[in-house]
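A.B. asks: Read off the chains here:
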Amino acid sequence: MRVLVQSEPFDATALLDGFGAGAGAVVTFTGLVRGDGGLTALDIEHYPGMTERALRDHAQAAVDRFGLTDVLVVHRHGHLPVGAPIMMVATAARHRRAAFDAADFLMDWLKSRAPFWKREITAAGPGDWVAAADQDEAALDRWR
Amino acid sequence: MTTLDVLYFAWLRERIGAPRERVETAAATVGDLAAELAARDDRHAAALSDLRAVRVAVDQQLAAMDTPLAGAREVAFFPPMTGG
Numbered sequence: 135m136r137v138l139v140q141s142e143p144f145d146a147t148a149l150l151d152g153f154g155a156g157a158g159a160v161v162t163f164t165g166l167v168r169g170d171g172g173l174t175a176l177d178i179e180h181y182p183g184m185t186e187r188a189l190r191d192h193a194q195a196a197v198d199r200f201g202l203t204d205v206l207v208v209h210r211h212g213h214l215p216v217g218a219p220i221m222m223v224a225t226a227a228r229h230r231r232a233a234f235d236a237a238d239f240l241m242d243w244l245k246s247r248a249p250f251w252k253r254e255i256t257a258a259g260p261g262d263w264v265a266a267a268d269q270d271e272a273a274l275d276r277w278r
Numbered sequence: 041m042t043t044l045d046v047l048y049f050a051w052l053r054e055r056i057g058a059p060r061e062r063v064e065t066a067a068a069t070v071g072d073l074a075a076e077l078a079a080r081d082d083r084h085a086a087a088l089s090d091l092r093a094v095r096v097a098v099d100q101q102l103a104a105m106d107t108p109l110a111g112a113r114e115v116a117f118f119p120p121m122t123g124g
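In order, the protein sequence lines correspond to chains A and B. Take any residue in the first sequence, count from 1 to its spot, add 134: that is its number in our numbering. Take any residue in the second sequence, count from 1 to its spot, add 40: that is its number in our numbering.
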């Protein structure tokens, strides 16, 4: 298991080198900052220590639930312009279904409950802190 | 009295005007601490007088307003987590 919380860009190719060796299936997902509604960037704040611990706990939950042979979670914080990679998850399992489901499970949690707070930046300057979204909560219900 | 590191994130940090502070308190619970801080000045009141939109952690574990502070070293106040 590898969990990284960092401000720097990540090198997906380097991170995936050797990942999931011996597994039958590897799924990777990369999320980019989306430029909806005049958004130019996101400012993402985290809680050093707690954020890493929460991500490790949830990665372990994915390993236990889906029988993963390996898992990688990378999440950035700080000032991220539209188009920038913000996060990546990779899951390795014997079969593809477990790898896909585990990646989906991790993403639903990362998008709604992970200890991050984000603020939208537009051409007019910093906007409001983003509130929890109902559809993100609904997405989590799938795993209960 | 005990000494706690109190941390603030997102709009709570902005309203308080600082990311952390050291607090001497005899508060028994997180909620008692929040009430004590809210009574300090306008900045703390703006951040902590309405706790419905505030979540807490004690020593980096999610907690509740009635969580006891006995033995705690770090308390954090923040908005509901929104993910990345």
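Quick caveat, the hints were computed from the structure, so don't treat them as lab data. Treat the hints with care, as some may be off.
Now the stretches of chain B that chain A is said to cover, found in silico as 3 or more residues with beta-carbon under 8 Å [what the hints assert, rightly or not]:
1) 77-84
2) 110-124
Derived coverage of chain A by chain B (criterion: at least 3 residues anywhere in the stretch with Cβ under 8 Å from a Cβ of chain B; other residues may be distant) [stated by the list, open to error]:
3) 171-181
4) 221-228
5) 246-255
Positions of the beta carbon are idealized from the N, C-alpha and C atoms, including for glycine.
A.B. asks: Indicate, hint by hint, whether the structure satisfies it.
C.D. replies: Hints, verified against the model:
Proximity of the segment 77-84 of chain B to chain A, defined as three or more residues with a beta carbon under 8 Å from a beta carbon of that chain, is not established by the 0 residues found. Look at the segment 110-124 of chain B against chain A: 8 of its residues bring a Cβ nearer than 8 Å to a Cβ of that chain, three or more, so the hint holds. Counting residues of the segment 171-181 of chain A whose CB falls under 8 Å from any CB of chain B gives 3; the rule of at least 3 is met. For the segment 221-228 of chain A, the stated coverage by chain B is not satisfied: 1 residues place a CB nearer than 8 Å to a CB of that chain, which falls below the threshold of 3.
Evaluation of the coverage hint for the segment 246-255 of chain A: fulfilled, as 8 residues show C-beta separations to chain B shorter than 8 Å, against a requirement of three.
The structure is inconsistent with the numbered hints 1 and 4, although it conforms to all the rest.
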